[in-house]
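Participant: Chains as they are written, first to last, in our numbering: chain H, 1 to 259; chain R, 1 to 730.
Be a bit skeptical, because a hint or two may be false.
Computed cross-link-like contacts, DSS-like style, restricted to lysine-lysine with a CA-CA straight-line distance of at most 30 Å [stated by the list, open to error]: (1) K204(R) <-> K580(R); (2) K41(R) <-> K164(H); (3) K30(R) <-> K176(H); (4) K30(R) <-> K164(H); (5) K461(R) <-> K82(H); (6) K33(R) <-> K176(H); (7) K31(R) <-> K61(H); (8) K176(H) <-> K42(R); (9) K82(H) <-> K129(R); (10) K164(H) <-> K31(R); (11) K41(R) <-> K176(H); (12) K82(H) <-> K113(R); (13) K164(H) <-> K33(R); (14) K230(H) <-> K107(R); (15) K31(R) <-> K176(H); (16) K461(R) <-> K230(H); (17) K512(R) <-> K176(H); (18) K164(H) <-> K40(R); (19) K283(R) <-> K580(R); (20) K82(H) <-> K128(R); (21) K441(R) <-> K671(R); (22) K512(R) <-> K82(H).
Keep in mind the hints are simulated off the structure, nothing from the lab.
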Amino acid sequence: MKKRRKQTQSRISNETLRTNPERMVTKLEMSSNEMETPVNENELQANETGTAAPVNPNEEKLVRKMALYMFLAKFYSGNLLKIDREMWNRLGDMVREEVSFFDHEKMQQGSRMIIQAVNDAAELEFDFNRLFVGPDRLEAAPYESVYRGTERAFMQAETMAVRKFYERAGLSLVNKNREPDDHLSFELEFAGYLLEESLEDSVYYELYEAFLRLHLFQWVERHCELVREKTANGLITGVSYLLQGLMEVERKQMNVLRR
Amino acid sequence: MSKVSRRTFLKGSAVLGALAGIGGTASSFKKIKPAKAAGKKKQVFSSCPRNCYDTCSIVTTVEDGTIKFVTGNMNNTYTNGRLCVKGYTYPNYVYSPDRIKYPMRQKERGSGKWERISWDEAYDIIAKKILEIKKEYGTTLPIALNKYSGNFNVLNNAVEGMLSSWGYTTRAQGTPCWPAGIDSQTFDFGAAVANDPEVMVKAKYLIVWGANPAWTSVHSMSIIERAKENGTKIVVIDPIMTDTASKADEYIGIKASTDGALALGMAKYILDHNLHDMEWMKKNSIGYEEYLNYLRNNITVEWASEKTGVPVEVIERLAREYAAAKPAAIWLGYGLQRHTNGGASVRAIDALAAMTGNIGVAGGGANYAQTECYGFNYAVQSAGTPPEGDKAGGDRMLNMNNFPAQVLAINNDPEQIPIKMLWVACRNPIAQDPEASVSYKAFESIDFIVTADLWFNETVKQSDIVLPVSSIFETWGLTASYWHYWVNVNEPAIEPLYESKSDLEIAMGISKRLNELEPGSCTYPTDRSIEEWISNELADDFIKKFGFKTWRDILEKGTAKVEGYEAAWSDGKFRTPSGKYEFLSETCAANGHHALPVYVEEMEVPKDRPIRLFSPHWKYGLHSQFQNLEWMRSIHNEPFVEIHPALAKKKGIEDGDMVRVESEVGYVEVKAKITHTVPKDAVVIYEAWYKEQNFNANFLLKATPSDMGSYATGQAGLAFHDQFVTVEKI
Chain H
1 MKKRRKQTQS RISNETLRTN PERMVTKLEM SSNEMETPVN ENELQANETG TAAPVNPNEE
61 KLVRKMALYM FLAKFYSGNL LKIDREMWNR LGDMVREEVS FFDHEKMQQG SRMIIQAVND
121 AAELEFDFNR LFVGPDRLEA APYESVYRGT ERAFMQAETM AVRKFYERAG LSLVNKNREP
181 DDHLSFELEF AGYLLEESLE DSVYYELYEA FLRLHLFQWV ERHCELVREK TANGLITGVS
241 YLLQGLMEVE RKQMNVLRR
Chain R
1 MSKVSRRTFL KGSAVLGALA GIGGTASSFK KIKPAKAAGK KKQVFSSCPR NCYDTCSIVT
61 TVEDGTIKFV TGNMNNTYTN GRLCVKGYTY PNYVYSPDRI KYPMRQKERG SGKWERISWD
121 EAYDIIAKKI LEIKKEYGTT LPIALNKYSG NFNVLNNAVE GMLSSWGYTT RAQGTPCWPA
181 GIDSQTFDFG AAVANDPEVM VKAKYLIVWG ANPAWTSVHS MSIIERAKEN GTKIVVIDPI
241 MTDTASKADE YIGIKASTDG ALALGMAKYI LDHNLHDMEW MKKNSIGYEE YLNYLRNNIT
301 VEWASEKTGV PVEVIERLAR EYAAAKPAAI WLGYGLQRHT NGGASVRAID ALAAMTGNIG
361 VAGGGANYAQ TECYGFNYAV QSAGTPPEGD KAGGDRMLNM NNFPAQVLAI NNDPEQIPIK
421 MLWVACRNPI AQDPEASVSY KAFESIDFIV TADLWFNETV KQSDIVLPVS SIFETWGLTA
481 SYWHYWVNVN EPAIEPLYES KSDLEIAMGI SKRLNELEPG SCTYPTDRSI EEWISNELAD
541 DFIKKFGFKT WRDILEKGTA KVEGYEAAWS DGKFRTPSGK YEFLSETCAA NGHHALPVYV
601 EEMEVPKDRP IRLFSPHWKY GLHSQFQNLE WMRSIHNEPF VEIHPALAKK KGIEDGDMVR
661 VESEVGYVEV KAKITHTVPK DAVVIYEAWY KEQNFNANFL LKATPSDMGS YATGQAGLAF
721 HDQFVTVEKI
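Next comes chain H alone, as it looks inside the complex (with noise of 0.2 Å):
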């Protein structure tokens, strides 16, 4: 069994990651399991409900942005969008009860819409559809590529550099070039899953900071500006909300300021 390394002392600086992505990759190469298989998804899903042991109370703080990233995930994926009232009740209780833990008021206003925008449930789909899925022109393109090229278009350099991301972390997308590798959806999907191998192993939380700084950091928040703009959909206002406040809260901790 692998020791967590301590932060303070694993830790590489930004410098170094911009200079030298490599080296911390070359570590997590080294030491992560090379057999092809899927994810466990028992392991990334919990199917019980228990108490949990006691932890300090920086790794509950992870735990719950896991969940987060899993929640923003799972709704940028579309997966949420045929759920009735009652479930959006019960998830914006949830959600909030997350956010609770974090003293930071965008995140906070977040799940305060979602539970008060329940009624807007009903809409959603048309909503979403209309701003991330199509069939018309999106209007809020939920695309890395959209935002940091010039040609709107996808599977140029911008998202290959996710995909190569992805990569040296051990992973890939099931429906690599079917579906492009920067969509919001995969990457909040694996910046959870690099959040719980961290548990685990350091390198992740290094390869975890870094994907934020080099990518989410680089668009989600414009995403979410741009998602209010054009939308009155109580529920995904919502859901900006509480992700452009994750992306804050992430900034504060490790001191990397919006451009």
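Once you have looked at the hints, place chain R on chain H.
Facilitator: Coordinates of chain R only, in the frame set by chain H:
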């Protein structure tokens, strides 16, 4: 802390627990060996299937399953290693975030409220609708198809096969593009067979008549430039001073719709000065005496000058130069036949080429089009035959060029079997048909509309269900040109994006569901791979012609040329009833036209709308395609109307002013661009579909038929350029 207890802690998260129960627990990722990550590079041959002269053979570079680069295939000497501005946008086209990704259903047409459905649901909804119609009417005739030239890959004929496999149906028949000219050449030669355009370089004299290859056939332009370097004189005849005209040695601005008069005037001069080729006419034609007598008795150069606005001395010099140069070629564009006398004009020009002995000569010809390269079995189409018991006994044909009005006529007539369902594929009829307002009404009169497309457009907006179609890079294909003599293969370069499928896969999918719901209700085969389908498409005689052992041999170079068309008709075996070139065509007369290529008066200009509207092709688009793409939008995304300074002055319009252009059927408000390139009595709005703009040249166009087209293509063409408007400053 042990691994187990940490994971257990995760399970304490209520959100994660709840999420696990929604939408499945599958991860979007799989673990890979890092060494496997590096992707492979490959190059495959693709083929541009658009409705375009150039029909390019493409080399596509793929790395790690994504397209990196497209360029022209050097093995195809016409494509010659380069694409056009439209072709180079393909990577942007394939990877646009705005492509249609999933089958979707609209809550209410035009509402913009779309929900995602699975393919199984889509097939189920469609199949049940078909069966319901069949049960109610005893036939599938209430199902209509509107499909045309958005994708000329032979496999897309699966759509016609699919409809037939349901039963007899209603079809949009004909072609909006070129039918009048096709009829003319069928009457004169027995078929439209142009010389191989690569041989155009041998012409000593070249008249580009009503075509703008600098925009619409750039690969021909490089042939024209080479000819020019050899000393060939290039003359462009066009009412608009096009980019092609700007590169010519001489530009002749002709009054619209009077091309026949110019050809006859030239022929008269040639006859008067004994520059015609009597020997060729005697040997190869019938009716030449009657034709020459018509010239003698009815035509003068002065008359031609008055008609065309071209000075007498210019007509005379043009005639002299054309007759003296051996060989001399004419390229007849599709623009000149989009008139109420367009077919007659093409016949007059054909006759000019024939009377000077320029037919059957390399570097000569009256070059309009050819369909000699379509060496396909159309197995995807013939695979669908109506199942037993459809009481209709045959398809119902509507004119594609007046489809909305005919749909409305049927649906307003209780005596007729109504149109209840419409299938749209390879087409954006609401943007491309004239009289857009009638299109909306026709769509409203139909219960259920399915559109298969890559892009959201006006037609998708008025549909109930949209199906995502794969791009050319995601499936197999074979395409042939109607201009050059190459057949190109299209290999799959990448996996289909999202859930897109080809029209052929869709045909099989619906068939499968129909037969599950009601065995025997659909005849379309469901058990073949796309590769199996394509392997049946190249006709045996073409495989032999190309010197292949199997169809797969075309994959070696990506392209194969049909040889033997350097000088079409050089064998003197015309496909007319007489076997000769027919100056006098009984077939033409029997179809309600003149037997001789006489002048047919142009359409009268209405007094209350005295300004002619041209809506020719646009350089950054092809009908409703390409102009919607991001790369094109970044260059240009604002429609405009071109107005001559004299007309602008009269109307008090300055460059950049907004003006209202109004016709009998509609109006547009658009920015004015003042230019000397258009005639004083006409304006130009290029036909193109601008995404998200309430603008289309077709808002102004009336479905006025051209004179010919119904003999060879089933339906008359459209007089796109006989449209009249008023223009006022807003």
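Participant: For each hint, tell me whether it holds in the structure or not.
Facilitator: Now for the hints, and whether the structure bears them out:
no., hint, in the structure
1, K204(R) <-> K580(R), "26 Å, holds"
2, K41(R) <-> K164(H), "16 Å, holds"
3, K30(R) <-> K176(H), "10 Å, holds"
4, K30(R) <-> K164(H), "14 Å, holds"
5, K461(R) <-> K82(H), "23 Å, holds"
6, K33(R) <-> K176(H), "15 Å, holds"
7, K31(R) <-> K61(H), "26 Å, holds"
8, K176(H) <-> K42(R), "17 Å, holds"
9, K82(H) <-> K129(R), "25 Å, holds"
10, K164(H) <-> K31(R), "13 Å, holds"
11, K41(R) <-> K176(H), "16 Å, holds"
12, K82(H) <-> K113(R), "14 Å, holds"
13, K164(H) <-> K33(R), "13 Å, holds"
14, K230(H) <-> K107(R), "21 Å, holds"
15, K31(R) <-> K176(H), "12 Å, holds"
16, K461(R) <-> K230(H), "20 Å, holds"
17, K512(R) <-> K176(H), "28 Å, holds"
18, K164(H) <-> K40(R), "14 Å, holds"
19, K283(R) <-> K580(R), "9 Å, holds"
20, K82(H) <-> K128(R), "24 Å, holds"
21, K441(R) <-> K671(R), "28 Å, holds"
22, K512(R) <-> K82(H), "28 Å, holds"
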